[in-house]
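Trainee: These protein sequence lines are chains A and B, in that order.
Letter 116 of the first sequence, counting from 1, is numbered 172 in the working numbering, and no numbers are missing.
Letter 16 of the second sequence, counting from 1, is numbered 72 in the working numbering, and no numbers are missing.
Careful: at least some of the hints might be erroneous.
Any copy, or any two copies together, can satisfy a pair, since identical chains are not distinguished.
Derived DSS-like pairs (lysine-lysine); straight-line CA-CA distance at most 30 Å [said to hold, decoys possible]:
#1 K303 <-> K200
#2 K59 <-> K200
#3 K253 <-> K207
Since the hints were made in silico from the structure, they are not lab data.
Protein chains: 2
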Amino acid sequence: MNKIRIGIAGYGNLGRGVELAIRQNEDMELAAVFTRRPPETVRIRTEGVKVYGMEEIPSMADGLDVVILCGGSATDLPVQTPELARCCNVIDSFDTHARIPEHFAAVDAACRESGHVGLISVGWDPGLFSLNRAYAEAILPVGKTYTFWGKGVSQGHSDAIRRVEGVKRGIQYTVPVEAAMERVRRGDQPDLTARQKHTRECYIVPEEGADLQKITDTIVNMPNYFDEYDTTVTFISEEEFDAVHNKMPHGGFVMRSGMTGEGETTHQMVEYSLRLDSNPEFTASVLVAYARALNRLKERGETGCKTVFDIAPVDLSPLSPEELRAHLL
Amino acid sequence: MNKIRIGIAGYGNLGRGVELAIRQNEDMELAAVFTRRPPETVRIRTEGVKVYGMEEIPSMADGLDVVILCGGSATDLPVQTPELARCCNVIDSFDTHARIPEHFAAVDAACRESGHVGLISVGWDPGLFSLNRAYAEAILPVGKTYTFWGKGVSQGHSDAIRRVEGVKRGIQYTVPVEAAMERVRRGDQPDLTARQKHTRECYIVPEEGADLQKITDTIVNMPNYFDEYDTTVTFISEEEFDAVHNKMPHGGFVMRSGMTGEGETTHQMVEYSLRLDSNPEFTASVLVAYARALNRLKERGETGCKTVFDIAPVDLSPLSPEELRAHLL
Chain A
57 MNKIRIGIAG
67 YGNLGRGVEL
77 AIRQNEDMEL
87 AAVFTRRPPE
97 TVRIRTEGVK
107 VYGMEEIPSM
117 ADGLDVVILC
127 GGSATDLPVQ
137 TPELARCCNV
147 IDSFDTHARI
157 PEHFAAVDAA
167 CRESGHVGLI
177 SVGWDPGLFS
187 LNRAYAEAIL
197 PVGKTYTFWG
207 KGVSQGHSDA
217 IRRVEGVKRG
227 IQYTVPVEAA
237 MERVRRGDQP
247 DLTARQKHTR
257 ECYIVPEEGA
267 DLQKITDTIV
277 NMPNYFDEYD
287 TTVTFISEEE
297 FDAVHNKMPH
307 GGFVMRSGMT
317 GEGETTHQMV
327 EYSLRLDSNP
337 EFTASVLVAY
347 ARALNRLKER
357 GETGCKTVFD
367 IAPVDLSPLS
377 PEELRAHLL
Chain B
57 MNKIRIGIAG
67 YGNLGRGVEL
77 AIRQNEDMEL
87 AAVFTRRPPE
97 TVRIRTEGVK
107 VYGMEEIPSM
117 ADGLDVVILC
127 GGSATDLPVQ
137 TPELARCCNV
147 IDSFDTHARI
157 PEHFAAVDAA
167 CRESGHVGLI
177 SVGWDPGLFS
187 LNRAYAEAIL
197 PVGKTYTFWG
207 KGVSQGHSDA
217 IRRVEGVKRG
227 IQYTVPVEAA
237 MERVRRGDQP
247 DLTARQKHTR
257 ECYIVPEEGA
267 DLQKITDTIV
277 NMPNYFDEYD
287 TTVTFISEEE
297 FDAVHNKMPH
307 GGFVMRSGMT
317 GEGETTHQMV
327 EYSLRLDSNP
337 EFTASVLVAY
347 ARALNRLKER
357 GETGCKTVFD
367 IAPVDLSPLS
377 PEELRAHLL
């Protein structure tokens, strides 16, 4: 059987994660890495595979079954995914929830014009969390769904605190409130405010002579980012920062508290959770599994843009339908 | 839009659960209930719907989009599902894991001959737990999967203790060992014996004058059922039995402890859990959601037997693909 030939477009944390995830799947191989940097400055881990400029993708498209886009959702993917869908089968982890319909339409149009297949917003949220919301709500139509995030590093919030005057280094953890989760698990179906669901923990290395009280005040009152949450600010040394806060853990919980039976009085609780020591490596693993599915759709002659909702679980697995039924059902 | 017309074949706890679950889904209606008992002795909850003998299903098949089989896996479903697949689109919750390939083959053959679609082993294990095993293993190919059950009533073990001499009433709960689950969550990837994963709790109302020590000894040493577990036997009054042990709770956990990254040293933990106050009502809710998917397969002209692995999440939902993308992705 020919291996699925995968191209990686963008070689940051996520791209490196995809490269490593491909190694864990025997039916795939890394075909090429594409970058916007000068290709000769990018060193990858896989021997015998070359790095090219992003602009070379169209001319190399014949040798790529699937291109995994590893850029950012703010500015890269809205442009890159539709553009590359004109020449390749593409998959991305676009995660700006509010702009998904717009992104879907752009990728779908490009795919239909060119006869390719696309798969967007693949990761864990959006992605696996979305799947769990959809499954649980279809099964328990009467109920309430909750999503809690963390404990984990929020890139957006970390960026925001690093822009505060006097902050040399900074990282922000989103932490779910255990007491709120316990109320959900009990079946209370509470209405929870942002403050009741998550707290925010900031660890900061201040510039020398910075006004610590002013930094704290600026952060905890920052609109949109922190003012609606209980936020703690802890000042630490650069050594501690490097030793303790050098990882990108994340995770979270999707919970559906549903009611069934006569008078809808029976409580049924579904909970899905992730505890990830590396957010980009896990997202990469999800992308790679879905790249397998995308390749199968392509082989079946499908076109257009898809999401995780459209993919049957069987298409993610390296196992045959017979093996899945015999061993995992 | 026409409602999906559902027939229920078998009206025990599961069939009653299906009847109630249909009410929670506006796009469905109960068309008929079929029973092996004299139909006039069966009282259902839905006004205007009639009860028929099981043998009338073939002649009424035109008025049924999907028949949900609610019999037992030991003797009912292996016969009924293939038989009814000759005239109807069928869905069952066949749960004898070891015999799934055989059951699949029988239902598939019947479906292909008659041009119908079948969906077997729909519930939570097999069913939702199977899905979570398949998703997590596809995403994290290097790792270990664990399934823990409970706390919940095991019908098979409860039946076994009720056959012991001197036992008037009895119920058995399977209880997952919290310490073992914590080891899995920590990423230890332990090899766990049956005894290390679950304990078994029996509550028994003894016959008057029964030898309690003998009952206990017989149970805890019972081969296959209890000898490989740490089992507790508690004798209670009939009043307590009726007051406390009149429910059918169940649930459990599917966990995937996976490793990613350079040298596969990054731990990634996926956990799915159910806490069900009523096992049959929840299984019924799963069956009803999958009945919607089965009806869509039928409308697309598909035939043959399927499992949960073959069903894309979009087909379970009453929402349109656009709504799903906008609200749940």
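Trainee: If a hint holds in the structure, say so; if it does not, say that too.
Mentor: Right, here's what the structure says about each hint:
| no. | hint | verdict |
| --- | --- | --- |
| 1 | K303 <-> K200 | between (33 Å within a copy, 23 Å between copies) |
| 2 | K59 <-> K200 | between (43 Å within a copy, 25 Å between copies) |
| 3 | K253 <-> K207 | both (12 Å within a copy, 27 Å between copies) |
When each numbered hint is compared with the structure, no violation occurs for any of them.
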